[in-house]
Each structure stands twice: as structure tokens, then as C-alpha cells.
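*Asks:* These protein sequences, in sequence, are chains S and D. Residues in the first sequence are numbered from 4 upward in steps of one, following the working numbering. Residues in the second sequence are numbered from 1003 upward in steps of one, following the working numbering.
Keep in mind that the hints were calculated from the coordinates and are not lab data. Everything numeric in this text was worked out from a predicted model, so none of it was measured. Wrong hints could be hidden among the right ones.
Computed from the model, here is a short list of chain D residues facing chain S with C-beta under 8 angstroms [stated by the list, open to error]:
#	residue
1	E1078
2	R1107
3	T1169
4	P1244
5	R1246
6	G1286
Glycine is no exception: its CB is placed at the ideal position from the N, C-alpha and C atoms.
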Amino acid sequence: MLLFVLLRAAPVAAASLAITVQLPDGRPLADAVVTVKAVGRNLPAPAPIHALMDQMNRMFVPEVIVIPVGSTVAFPNSDSVSHQIYSFSPAKRFQLPLYKGKPYSPVLFDQPGVVILGCNIHDWMIGYVDVTDAPFYGTTDAQGSWSANLPSGRYEITVWHPRMREQGQTLVRELSVDATDRATLTLQLTRPLRPAPMEDQSPSMDSY
Amino acid sequence: MGPREIRLALAASALLAGATATHAATWELDLDLRAVTSDATTSVLDGGYNPTRFSGHQSGLQLGRLRLALDAPIGEVWKLHLDASAWGDAYENPVGLTEAYLQFRPYPSHNLRVRVKAGAFFAPVSLENGAAGWASPYTLSYSALNSWLAEEVRTVGLETKVDWLGTRSGLPFDIGAVAGVFGWNELAGAALAGRGFILDDRQTPLFDSAGKVESPTGARIDPFRQIDGRAGYYGGVDLQYPGRLVIAALTYDNRADPTAADAASHVIAWRTTFDSVGARMEYGAGWTAIAQWLQGQTEISPGGHLREWPFNARYVLLSKRIGRRHMLSVRYDRFEVDSRNAEADGAQAGHAWTAAYVFDPGKAWTVTVEWLRVTSSSYSGSEILDSAGPVRDNQAQLSVRYALGSTPY
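In isolation and in its complexed conformation, chain D is listed as follows (with noise of 0.2 angstroms):
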């Protein structure tokens, strides 16, 4: 089944849903404008070798994302999610999907919680995006960590998370685990070679393009290609508090074979690996602290010849809430992409300081504002830039977010 034929099933599964539909299905529409400045040359994602979203030339008026999500239940214990986005720069479509997934919940029996998720949707490693649609409530910006994600980790296969129940027999804390098989992120980790890491929040529409940059192999990147045939998984575990403490680690491994290119149009396939561990707190007067870290590795070997590229990065974030309508946030990133390789492939190490603030006065609207910046040694530009040094990055942007749409269950 290719690219063509997945969209086809979940457009199917779409009207399924909606002919089937016991309970009334919900959606919601959210638009996000931004005023942005930046002075930033050429953003990475217009091919250019800066790690933020916006360009200098795209100061102004822009569109943030906008986005329609439909929930559809299907009878009592099964469901229908589907995000759809538009991001403003039509690298490849206007509007893609970014998850469409079925769910599979039935009521939790004998302490444990079983959940199924089947169709595409993000691993579970983010611990900052927790807001619809895979967004962060802290920032507009997300990690480097979690930028990478959005851009080439999407699962497009089967998850199933089982839940411990503690908190239902008497204890204070839940532990989970999960596993997840999954075909179609064969190219995951081009776009981090080709490169680095950026801060942004577009999110790869899945089978579309990841933005206006070839891969060191001179490919157009669409990470969600399969090439060689072979399943990849992750399998992680967590410690839950509800709503105060979640520990998590989780291992990812595409399985690519490194060796193995598509007969026709000859891209090559990109073995990714990753382990991550993360904390989130949240007190009760509004604090909420978060870490990930994230370390891994990207190969390819076109006729035997390996080239690496290990790569890390973490961040931590702290985020105060005052009252309900307020939120503060501040955040470090550091990141690393380096390349064990003959060729001269690229190589960056850098650091960003994010500081936003999000004002909710009502039910439909959000204001954000938000303050970035990076410093970082350009990627495979060093040989233009290095001798200047690191580069640094400034990118400020208010967002003015309206959401409308049925009350979500």
C-alpha cells in the first residue's frame, strides 16, 4: 500500500466514520495569525541556514496554522480522530493531514488500561505537546527536540499502550508501557542531516514534504516513504501521577535498511534510532517544569559506504499560571547533529532561549507572545559562515489564535 492508497483509506475511514457514528461527532476549527519579525536570512525550511521558522523577508502579517480536527465516536469504546492543517507555505499541498488514527479504548478492567491506536499519529514523546492538535500551551515554538519530531517521526502503523492502574486500587502513581509497529518513516532523520535541528511548529503533513530542502543525497524529503519493506518499533515505559508527575523513557528504531534505495526514483532509505527520557511537574500554584533529552543516530549506506550522523538534543522548560486567563514561559534548548563522515556533511551544535507569554481571555481566543532566539553554527553553510562564528537568530511573533468549533467529549 503506497502513499496514494493510505490517503484513500483514510478518507474512506472518514466517511465510515461519519455514516457510523453512534454519538455525535465533534470538531474543531482554529486559526492562528501571526505578526512576525525576524532577522533571520533565510529560514532552513526555505532552504536557506537558519533554524527558526520565519525568515527576515517574511516579517509581517503570516498565517500561524490553521487547523480543522474531527473527533468521531464509533459506538462506545471506539473512536475516530483526524487533524487536518494548513501552514501557509505550501511546500508541496496547501492542507495535509497530520494524524488520523482510530482508537480503540474499552473500559479499564482488573487495574489495567488498554488503549489501541491504529492509523498515523506522533509517538509518544513529547511531554510539552500536550495541547490540541500536538501544539505546545507553553510556547508557539517547540523545542528543538520536539520540532524534529513534528518534522520526520510520525508513526503510521499500530500502538498499543497498557496502563497499571494504581490510582484505582488504592496507590498514589500509575506505570504504563507501550509499543508501537510501524512502517512509512523510512526517511526520518534525512531532514536532521541535511540540516539540523530548527525550533519551529510546522508539523509535516503526513506523505508531504518537509519544507524546501534536499537531503545530503540531493533527495526532496518527504520522511514518510517506505522503501525497503521492513517494520520499525519503539517501546517506552512511564511512571504517572496524575496530573503532577509523569517520568517517561522510550527506545525508536525505524529499522531501515541503510543499504536498501527505491527502484525508481532512487531515494535512499534512512536507518534512525533514538532513546529519550523525560519529567514533567506540575504544582499546585501554577508551576509546571519540564525536561526531555533525546540522543540518536541517522545513517545511510548507498553502495556500502556509511555515513552517520549522531545527534542530541534537550531542553527544559519552566511555565508559571497565574490565575486562569495567564501563562509564562521560559525555555533553554541545546542541540547537536554531528557527522562521523569522509564527506564534509554537516555539522551543528547550538542553544536557544524561548520566552513566551499566553494571555486566554476567553473561551475562543488565545494571544500569544513570543520571543526566540538561537545561536547556533550554521549547519552545511560553515564553509560560507563559520568564520563569522555561531550565528544568532532573533525571532519574535504575536499570535492571535480564534477556535471555534462543538464542545470535545
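Just chain S, same shape as in the assembly (with noise of 0.2 angstroms):
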């Protein structure tokens, strides 16, 4: 077991990489979804993780998170109004009854895909959580960037914007990554992204 443990921690020639978003104008895109698989081999599912989206201003944020199959999702309502959280994607299907704080236990997303979150009463708050099995991933940060380590060879690399506009709806790209190299991939897109919804002004918008 020991050994076991020691043959899967020994150094496989790590190299990084490092990729920058950015939208047609050159300005960073943050909160872009990067996801890494590894081309012609398996590597390990990444390990699930406890992940959180809150709820603040009537607004999921953020507005995009990326976790692992298996992993679990807090969403604590930060707001003084009460949210009723919902999402009939195929990935997850499940409702959080009227709320305030933290009453409810974490979500298990146990499925790969998009999983799409909006909220009963506020009808235009909505939230995105990527639920992938890529061995590698994460989100852009307010520069654009996103780097990892990871061992050396081919690899697919995916970037998704829940409102990007791109055809096919992602960008992707293949690359090799060497031995001690440090390999780095600016991406650009080709569309401006769709406006972000806005809160409506209206607390009676059920009807426009």
C-alpha cells in the first residue's frame, strides 16, 4: 500500500501550463471554465471537493463554478430575502425550498454536465455549476488566467462561458506539453459574450 502510494506520488516529469482568456477586444474573460483532459491515455478523475455558491444582491456568485464528479455544493442564501433554488438539467434535478442561511445540507452532483440553477421567485437569477470528470480544471481569475500543474504530453483543452457565443458553444484547443516545460496558451474569442442578465427592477415581474 505504501508502495502503492509512493509509485503515484513519484514525479512523472511535471510540466505546467498556463492559459489566458481573453475577449475579442483583448480584455481578460474572467470566470471562464477551463477543463484539461489528457488525449490517447486515462489519467485519475480528480479527486470531488466541497464546493459553495452563495447568494447575494439576488445574484448566484459566483456566477460560474467547475467541480469533479462526486463533489458536493453548499448554497447558503447571504441575501435578507428568501431564494427557492431549482435546476431541472439533466445533470441534477433538485429544488431547495424557500429559504434563508444555511438550512440545507450540500448538494452531491454525481453526474457529469451543465448543470443550470435558477430561483423560483427571482426569476432571473441564474447560476451555472460545471460538473466534469477532465482531470484537470478550474476557472479563469480577473486576469484571464488559469494555470496547473500536470505531467507531461498531449492534451484537450476546453474553455466555456456560460455566455459565450462561440460556434459550438466552447473553444478548444489540443497541445503538447513537455518534460520541465512551461507551456502557455492565450485564447481568444471570436464574438463578443451575450450581456449578463440584469436584476429586474420589478418584485412583481411574473408578469413582465
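Fit the two chains together into the complex; they arrive one by one in their own frames, and the hints show the way.
*Replies:* See the structure below:
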């Protein structure tokens, strides 16, 4: 057992990969989901995590998270108003009846796919949980950057943002990463994002 | 069931809601006081000819609106909403309900969101009256189009809205369809035929009077009457990009029998139909643009003698939010009522400019300054005033509003 752990932990010529995502005008794109899969070989699935998506000012914060299959997500409500969260996405159907604070246990996401969340009270609220089986994953920071250490080899890199308008909804690139190399990749969208939904001004927007 | 029974049923449902609510009910109390100056001779609400809410002799301090609203969740997916207001004029009752309904709001599934309302509420036409209590967040006075809806058109019945949620399945927009079936709106159109469009913010309380005015038949106008036993309907479609764009269209027909009259009061049923289309766009920099158009006709046919009044109204509104505290808005209205009748039944053609500044210094207070200029050929007063040409009325208002209550959910 100890030998097994040592073998797993033995360095396999670690390299690093740095990705930057830009909008068509060159500004960085934050909160884009980056997933990296090995080409032609299987790497171990990532360990599940415990993630958090808050509700603040009648918005999901952050708007987008990415988690490995088998992870749990807590959905606290930090607003003074109640929310009623639901998803009918095939990857996870669930409902959290009217609540404030954090009365519910974290929700388990055990199928890969994008889970789109809504609030049954505030119709404009929309959030995204990308459940991935990719061994490397993350979201870009305010500078549009994301990086990871990974074994050398060939990889398929996918960039996704819920308001991207690229053909095929994602940007996909293949790239070989050599040992001790620091591979960098800059991806630029060809079209601007769709505008973010804004909070309705009305408390009674059931009818418009 | 008559108005008295409906009032009793509404009161009973309010008590029921109080007794059965599993989540705390929320409430809101708004007091809106106005300093008004007007050069209008006499408002149509007071039986005059000027299409503004306040007359010249009302310049000074006025009650804009006193409003108490209650939202009571009943279980997980039901809600009761009650909205009562006083307008300081008391044409019949000093306080009245403007809306009272039960809403069923199941969780969306399979891309479909269903909303069902039963009770009394505004038909989903306005793209302007999005604030609490069907107020406009942009101006004090509503557009001519929506002022008319506030005055005469209310659903007392059942409405179902179904939205196909493209935004929850990776597409950028939602598509909705709405249908309503209603009664007790068979005098809709009588005030419009009697005095034309006005620009104000008075919402006729349910089963109350639309001001101190008579219809062309000489009857007091309570728009919320059922005379012939026939239900009316409306149907509409909309496309929404949440919080950014709404395009909506609706067709309305109260299906009143224009030959029918109430046996006791001899009040005649008014057949009113209209179509409306509109769009509202919001831009990231705080800009909002709204355009709405409505065209319709109202008619009566006492003893088979048909009298018709075609009408239309439209407006464009442009609003700019500056930071979180300031908003500037300007609106241009055009409106017409005609009569295709042998009698001189009145006609109106007019336009109006409205400019408003809203200051939101904190959670509870709102200060609004509004200037309104209406230029309109006088309605049934044409024989008196036509020689002088269209009448121009100016009204300026300073509103200080204080809202308190538990936080809405």
C-alpha cells in the first residue's frame, strides 16, 4: 500500500500549463471554465471537493463554478430575502424550498454536465455548475488566467463560459506539454459575450 | 356573485391566508405626499376637461398615494397578494383594493415555468408599471396608455402564463404565452369614451368609481361591473432576455354584449377590444428604453343603435440611471379617441411630454420631481373650447415617499 502511494506520488516529469482567455477586444475574460483532458491516455479522475455558491444581492455568487464528479456544493443564502433554488438540468434535478441562511445540507453532483440553477422567486437569477470528469479544471481569475501543474503529454483544453457565443459553445485546443516546460496558451474569443442578465427592477415581474 | 360577495370572498381569503401561512407574511406601507402646482382648470377626474390628475385649485399639498400591501406565502408554491390604496380623493370609498389574488407558482420543470393567478389583478400589458403596487419606477404619472389601463381595465378572473425557459437550457432567451379569462370588466371603455385619455397615476380601486364623471349615457362609471354573463378573455405572447429585453404583444376582448343593460340600474355593457405591442430594452450603462402601442375600440348599442369609439395611444420612454441613487426619465405620449357616431360624442387628439428625476437617498425614502405638459384638443367640451384650439396643461409635482415594511421575499 505504501509502495502504491509512493508510486502514485512519484513525479512523472511535471510540467506546467498557463492559459489566458481574452475577449475579442483583448480584455481578460474572468470566470471562464477551463477543463483539461489527456489525449490518448487516461489520467486518474480528480478528487471530489466541497464547493460553495452563495446568493448575494439576488444573484448567484460566483455565477459559474466547476467541480469534479462526486463533489458537493453548499448553496447558502446571504440575502435578507428568501430564495427557492431549482434545477431541471439532466445532470442534476433538485429543489431547495424557500430559505434564508444555510438550512440545507450541501447538494451532491454525481453526473457530468452543466447544471443550470434558477430561483423560483427571482426569475432573472441564473447560476451554472459545470460538473466535469476532466483531471484538471478551474476558472479564470480577474486577469483571465488559469494554470496547473500536470504530467507531460498531449492535452485537449476546453474553455467555456455560459454567455459565450462561439460556434459550438466552447473553445477547444490541443497542445503538447513537454517535461519541465512551461506551456502557455492564449485563447481569444471571436465574438463578444452576450450581456449578463440584470436584476429586474420589479418585485412583481411574474407578468413581465 | 356580485361585487359585495367578491369583497367578502377577498376578505375571507385574507383571513385564511393569515391563518395558514407557513412562511411569514410580508407587508409594505408606503406614504407618498406631493407638492403640486397645476394650471389645469378642472381635472377630468373632477368632472372637468383637463387630462391631468390635479386641477389648478388643487395646487399645494396633496396625498399622492397611501398604500398597504400584503404578501402571504401559503405553503411552498402558493402566495396571496393584497394591495390596498387611498388616493386622497374618495370618489366613493376612501380606501380600496387595487389588486387581490392568489398565485400558484410551481417549480419549473422540463424547461417550462407555469404561473397561475386567480383573483383581481392587472392584465400583463404595461412595460412601464414594474414597481411595487403597479407604480412606474420612472415617473409619477403613467403614460396615457397605462393610465387608461389603471383606470378601467382589470382582470377579475383567472390567468395562466407559461414560459419556455430557453435560458435554463443554454439558449439566450425565454418565450412566454399568457391567457386570461375574466368577468366584471364590462364598463371598460366607458370613461375613455366619456372623457378621453388622461395622464395620471390613480388606479381605480376594485368595484369603485373612476372619478367624478359620467359616461356618455349619463351613468356613473364603475368599470368593474358584470352585466351580460359573458366572460372576456385576453391572450398574449412575449420574448424575454432576462432583465435586458422584453417584446410583448397582447389582444384583449371583454366580450360584453353591447346591447345588454342591467335590469335594475339600466347601466349598459361596453364592448371593448384592443391590441397592444411593446418592447423594453435595458443597457448596461443604466439606460432603459420603452415603446408601447395600443389600439382598440369600445362600443355600445342600446336598442340596436350602435355608437363606436375607436382609440389608440402610444409612447416612448427613455430613462438613464446614474449610480444607484439617481434616475432621469423623459417620455413622449400620443393619444387619440374618435367617435363614429351621429351624435357629437366627443373626440380627442393630443400629445404629452413628461420629464422626471428620481432621487433614492436610502432604503425607505424616494424623492421625485416631475413635470408634465399635455397638449390636447378638449374632449366633450369641444363646443366650449374648440375655438381656442388645443388646450395645454402644465402640472409639476414634488413627491416625497416613505416606504416601510418587512423585507419582501
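*Asks:* With 8 angstroms as the cut and Cβ atoms as the points, is D/R1107 at the interface with chain S?
*Replies:* holds, 6 angstroms
*Asks:* Should the hint that D/P1244 touches chain S count as held when the rule is a Cβ pair under 8 angstroms?
*Replies:* holds, 4 angstroms
*Asks:* Per the CB criterion, is D/G1286 less than 8 angstroms away from chain S?
*Replies:* holds, 6 angstroms
*Asks:* Measuring from the C-beta of D/E1078 to each C-beta in chain S, is the shortest one below 8 angstroms?
*Replies:* At 5 angstroms from the nearest chain S Cβ, D/E1078 passes the 8 angstroms test, so the hint holds.
*Asks:* Measuring from the C-beta of D/R1246 to each C-beta in chain S, is the shortest one below 8 angstroms?
*Replies:* Hint holds; D/R1246 Cβ to chain S Cβ min 6 angstroms, cut 8 angstroms.
*Asks:* Quick one, is the D/T1169 hint okay against chain S at 8 angstroms, beta carbons?
*Replies:* This interface hint holds because 6 angstroms falls under the 8 angstroms limit.
Going through the hint list in order, the structure satisfies each hint without exception.
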